[in-house]
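Input sequences plus hints: build the corresponding full structure.
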Amino acid sequence: MINFKKFTLNNGLRVIVHSDTSVPTVVVNVLYDVGSRDEHPEKTGFAHLFEHLMFGGSKNIKVYDEPLQIAGGENNAFTTPDFTNYYCQLPAENIETAFWLESDRMLSLAFSKKSLEVQRKVVCEEFKEHYINKPYGNVSQELRSMAYKKHPYQWLTIGKNLKHIEDATLDDVKGFFKKFYNPSNAILVVAGNVTVGQVKELAEKWFGDIEKGINNKHRYIKEPAQKSARRKTMYADVPLDAFYKCWHIFPRSDERYYITDLITEIFSGGASSRLFQKLVKEKKLFSSIDCYHSGSMGPGLLTIEGKLVTGIKINDAEEAVMEEIRNFLKSGITKKELEKVKNKTESAMAFEDMSMTNRAASLAIYELIGDVNLINTELKKYKKITTKQILETGKEIFREENSSTLYYLSSNIHKDEQKDSATN
Amino acid sequence: MNRKIAPPIKNALDFNLQLKPYKYGQLKNGVPVYAVEAGEEDVLQLELVFYAGSINQKKKGVAGATNFLIKNGTVNRTAFQINEEFDYYGAYINRSCFSETAVLTLHTLSKHLGKLLPVMEDMLTNSIFPETELDIYKQNSKQSLQVKLQKCEFVAGKLINRYLYGEHHPYGTSIELNEIDSITLTDIRKFYENYYLKGKCAIFIAGKLPKDYLTLLDKNFGNLNLKKPSFKVSELPPQPAEKRKYRIINDKNAVQGAVRVARNFPTRQHPDFTKAVVLNTFLGGYFGSRLMSNIREEKGYTYGIYSYIQNHMSTSAWIISTEAGKDVCEPTLKEIYFELERLKNERISDEEMLLVKNYMLGSILGDLDGPFQIIAKWKNIILNGLDETFFYNSIKAIKEATPAEMQALAKKYFKKKDFFELIVY
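Protein chains in written order, with the numbering used here: chain A, 7 to 430; chain B, 1389 to 1813.
Quick caveat, the hints were computed from the structure, so don't treat them as lab data. Honestly, I wouldn't trust all of these hints.
Derived Cβ-Cβ restraints for the label pairs, each shown as a range [as the list claims (entries may be wrong)]:
no.: 1; chain 1: A; residue 1: Arg405; chain 2: B; residue 2: Asn1613; range: 43 to 49 Å
no.: 2; chain 1: B; residue 1: Asn1482; chain 2: A; residue 2: Ile138; range: 28 to 34 Å
no.: 3; chain 1: B; residue 1: Asn1613; chain 2: A; residue 2: Ser151; range: 57 to 63 Å
no.: 4; chain 1: A; residue 1: Asn221; chain 2: B; residue 2: Lys1536; range: 21 to 27 Å
no.: 5; chain 1: A; residue 1: Ser417; chain 2: B; residue 2: Ser1532; range: 17 to 23 Å
All residues carry an ideal CB built from backbone N, CA and C; glycine is no exception.
Encoded structure:
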């Protein structure tokens, strides 16, 4: 059981407190309900660039990091398609420093020109490091643009291309701040060696007078149901052929989200899972294989990806994956398999809760989903799932017309066949 | 309330940092057990550390292959059955192989420990290393190495180690694609016999422990033919390369280069070590470091730049590492040297001194709050043949560091001629 107490300030800021006096530190976590899905299609990568700018000084404080470090604190942040999360951990005695820093940047940024110029470059280097200068680095962007034609999940958090980041202006920054960075669009979690009374007082003192701002109703263009299978072959300077296939799945708030989560575990959770055992160990078609889902708030994707053993034809590899899926759809799973993936889920949750920063972030995310108590009740949802439900949900997902398939082939291996496309 | 004024803080120098002591136990065969009981969740981590690292192998890749394949089949269980037993209980069994040691790690809900230990015992007594498992291992290792070799950061890491320690030193060597093929079952089975069946072993366990954990461990591992390690660290002198400057082209389409600047450096036993860790923090050990402030936050040449002292037992190195835009790699190098010189020539301000001290102490405080973090600190101390005075001396070194001391240390260790520099595009 993870204890928590929730209250809301007059300006709409939601505050959640989790006290655990066994640790000497506190974590202060601020989640803003804005991610790359909120971006303009011609200005992608902005939510993440903005996250960088949040460290470039606020209205009354020149830089964010130094005062926190003097107080013995550490911090970081991350942006997802759905939200942006900032957190810091510091000695419990110095908790007020975190309130001072976090409230000032929610009040107003400094909007420094220099900071924008530098962080544009930093983010471009981040883009290059993770998505260009790396074999297979551009695959996730390719897959998303195949699967989504309308919904903003069609681009990655880092952005569609370098140009969008290079073109960001200070006016964009100001507009974005005004629209999304205000109390009614944020969730504050304080976790660790702290009392509810202490947090109430500090939250009121530092965040209470920040203007409510626009209360955003997030509406996203709905992705039209996919009617036919999409396929693409591309060639790149990589050493191995790789196979990718993805299917549309359900949003976070849908009960089938949990079922889908278990399905991915059946296919590739651990060394005894189906795809690894059959396709890597027994048939020796893939040297690595994975099945995962995007974990998104909105309707996400389930993906199967694998690198082929050299010499194996990609059609044969795909056929073997599809055979596993057909077997699953025909016979479902055994009681023991279901037991196994439920145990795995229970254990994974327990390990995740070991860290205070994880607990704080989870509380914020559950509140964003709409029910902070999920932190204690979610396991029950998993435990109730039946083999029959797994099969039914599997049938909904694994329809060929719901899928996008990408053959990502080594231009070295396939020197003679590259008529269609040459990318990367 | 004036938002321009920072709230008062408790100085981290006043924190009393304590490393929670371990409980010591011993199995019938003398294998030591170090236990830390802490944490709120019903989980635990068990590590069996064998002195089965790569320094013991006669042929490249054998130590790693033995460690990897130890769970791929015993006389009683197939690889699949072993995997299924761990997966069924939601447990994770991992293996990792380093230079001196090779480790088997179990993460499990505490309630399942008793059911999983017999499977580990089976792996440590009856592994058979089936031929087809070795074949798959070789093929998949080669493929994964092929992908890694295309990444400039991987190649840079491999080359800088080679320059620092020499190609034949265990810290400087790396396996080539064609060498993977030469690993044989005979090599592996022999290595298993010498370093696992008759090996030296130490056990580290942390988390919420069942009352009878020591009895359970003794029942499963106490009768094995294992010995207590001596924890003595032997000297393996490095053979650094003559040439100091390297530019390598690995990928003609690269848009970034991997930059490494590095020098040989002693280990934890050396009197300069604890202070060097403090000096390193100024240089590139945290987000506010000199390198990060200048090269990322001022110039935007990189997404991140760090410096660190490698975690080796017998000899070590001090390394600066970053990936920077292709056209700004050379300017990045220039700025790295500029920052090294600045630490030599300018006294660190009292403000920065205090900031770094507080940051480091706060970070240690944050790092002491979980059982796995505590046991990791102990493991590092014990395996390096040290005791808790090392931890307390490190704290003392931070609290008492002075700008003069930092400058003297920089003058001693930041001589340009001592550094290797490498860019891999």
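Kindly indicate which numbered hints from before are broken by the structure, ordering the numbers from low to high.
1 and 4
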